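Given chain F, work out where chain C should sit, using these hints.
Number of protein chains: 2
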Amino acid sequence: MGRNGEHFFSRTSRKEEGRLLLLPEAESCRRLDRVRSAMLSAGIRAGLVSGNASKFYLTGRIFVGWILVTQDSVTYYVRRPVELEGDNVVYVRKPEEIDFGCLADGELGLELDCATYSSIERLSAAAGIKVPGDLSKVLRKARSVKTDMEIEMIERSGKMQEGVYRRIPGLYAAGMSDIEFQIEIERLSRLSGCLGQFRIAGDSMELFMGNVLAGDNADSPTPYDFAMGGAGVDPSLPVGADGTVIAGGMTVMVDVNGNYTGYMTDMTRVYRVGSIDSLAEKAHRCSMDILRALEKSGVPGAKASEMYEEAESIVKERGLHAYFMGHRQHAGFIGHGVGIEINEAPVIAPRSRDVLEVGNVIAIEPKFVIPGTGAVGVENTYVVTCDGLRCLTNLPEEITELL
Amino acid sequence: MGRNGEHFFSRTSRKEEGRLLLLPEAESCRRLDRVRSAMLSAGIRAGLVSGNASKFYLTGRIFVGWILVTQDSVTYYVRRPVELEGDNVVYVRKPEEIDFGCLADGELGLELDCATYSSIERLSAAAGIKVPGDLSKVLRKARSVKTDMEIEMIERSGKMQEGVYRRIPGLYAAGMSDIEFQIEIERLSRLSGCLGQFRIAGDSMELFMGNVLAGDNADSPTPYDFAMGGAGVDPSLPVGADGTVIAGGMTVMVDVNGNYTGYMTDMTRVYRVGSIDSLAEKAHRCSMDILRALEKSGVPGAKASEMYEEAESIVKERGLHAYFMGHRQHAGFIGHGVGIEINEAPVIAPRSRDVLEVGNVIAIEPKFVIPGTGAVGVENTYVVTCDGLRCLTNLPEEITELL
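Residue numbers (numbering that gives the first Met the number 0), protein chains in the order written: chain F, 0 to 402; chain C, 0 to 402.
Just chain F, same shape as in the assembly (with noise of 0.2 Å):
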């Protein structure tokens, strides 16, 4: 078995993983900063993260515990691991050891979109309330806006992922099917640097690594809110390769995880085997189209539901509708913001109220599905600036010949 050194892990530093947090002082405030705006728009005095996601945006580490954050302290409540060390870092067994200090319904928030019931309900008996507040449209909107530091961490994911989708024609042989070509391109981005790890926000959606769809596979209905389908190799996990074997004519979409830094890029490409339906190539060029589009139109104050309405107006006008999104089942929406997490705000859909900042990532991903031949379509991560979307993965979007 082949061993591949172009890998970039290294042990973390012994010195370092002794301290809590493992953001610079300046940036950890820039991000508490954000959380206590948002905080007191939503009359929220004191807020307690419980989430992964959000402890690791407010210390760049996951530990099992919980952060107090009011507008003049925070506090790093630590169950596990031992050991750790910092300014306000206090060990606790169990979240009743909390000081929440003296809060009135309402003023406490909590992460009710991401805890379950059971652990809302102990935390508020803990503070002493009845009805929590809602910390996680708080951090949500937070999260939304990125720093520059956390856009540095996306690039970062962005340009290790690139490098494996170089790669990727190079992993094809004639005679594989669908989820022998993905497992090599599991590999080729595990040895790339790729933690795995597909945080993905909610409590119902799945997915290992990604999706390479083959095929008419892609028109098989998923019952996960992603935007392409697949029927998957078990009823366990219904979504993406299914045991096809690539053949000519199919086009095979390759939508894997981009999780190299903790911040995710999220990309896709088409690759195809032989010639394939003049329909299909139409469709690849009407996405990347739209992306060229809405990269113009992506600037501050953009409305999400006007960037969604501009990209079906494309597609209709090239007759394309019937194909957008799905076939035989439509994804309600074509892009979503990207960070910790793959669905982060804003959510690029027609009924979404999401309006753009600079500092937003979101990734763009119109897609179709094209009958006898397969998916097709781009999907970049953009970051936006002030004048439209900047793209932070950045390849040949063409559909490639896998030979």
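It is worth saying that the hints were derived from the structure and are not from the lab.
When chains are identical, the list treats them as one kind, so a pair holds in a single copy or across two.
Only pairs whose alpha carbons sit at most 30 Å apart, straight line, appear in this in silico DSSO-like list of lysine-lysine:
1) 315 <-> 302
2) 281 <-> 158
3) 302 <-> 93
4) 136 <-> 93
5) 93 <-> 315
6) 140 <-> 93
If you're wondering where the values come from, they're calculated on a predicted model, not measured in any experiment.
Only chain C this time, still in chain F's reference frame:
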């Protein structure tokens, strides 16, 4: 890049795809009966199943939606995918369309340990109740005793996992880091049919594909509630391999994903390079002896807490207590139920009130961390029978040398 022909994937039959219920009728009834009986004991008149794991339990597939179970009815409310068919299948767009009937506080069981606070609040409002009953405990109880079909599926996962573990020594090459070794194990697992998805109940534990621990990295505390730790390669996922180069005198503990059928086995074996400290050899033998003892005492009616005590007393007798279940940080259990999720009931821990029943499936993992050497110990998955524990992960348990 070489291909491996020995994969087990086949396309879902298109005929089957359309039926919601993928379980045989009798099997579906058997599982519903288990849930209904636990509902009766808990005073729950109607149970609304919302989590993926329990939906898979009751139907053999994952879908987005809910299952409403009463003593004399079952209704499958489906949001996605489109086109599912069968008795009592009702398509809905939102939970407000569910026909809950007339229920008082406490009579509607919801998955309080699994679903988010927001979703439980919304479901409660839709049902016109203020206080939901706890369906999580009911489902945990029902699912803790496996049916023959479930045991057969777990057994099948065990056989696939055995096949992978048998080939693990062949994946090693001198100079490899732990993460490189792990990536080759991941690839072999996936090519052998491993589904990748690693289902964990609760909202805070994360793991990608498994844990490969070399040398002193085994002593790095992790925040997560796993038996063993490891620093991981990034603070966003602080568990497992950390880039340690595998070298002479080290042990390498392999504990990777056994989900091949939607049901998983959990299995750990240890490898070494060259000769290792005799203390590590001694601790490994102790682990094997504990398993032999518990295989006998693990009969129906056995108290989980007493099984833990039995293990602990063997450890203390041999003076190995400082290394048991970790060294810098100790895990508080030695075994756990396994099935659709990795952390089911019963739990083998000091304060567990669980009592073994015929049909429980449990992983037992008495492990040790020896400073300067690494982790040792064996983990097997067992089914509880009248005669004690029957092993579902049969492979030699001795430490295997990597050459």
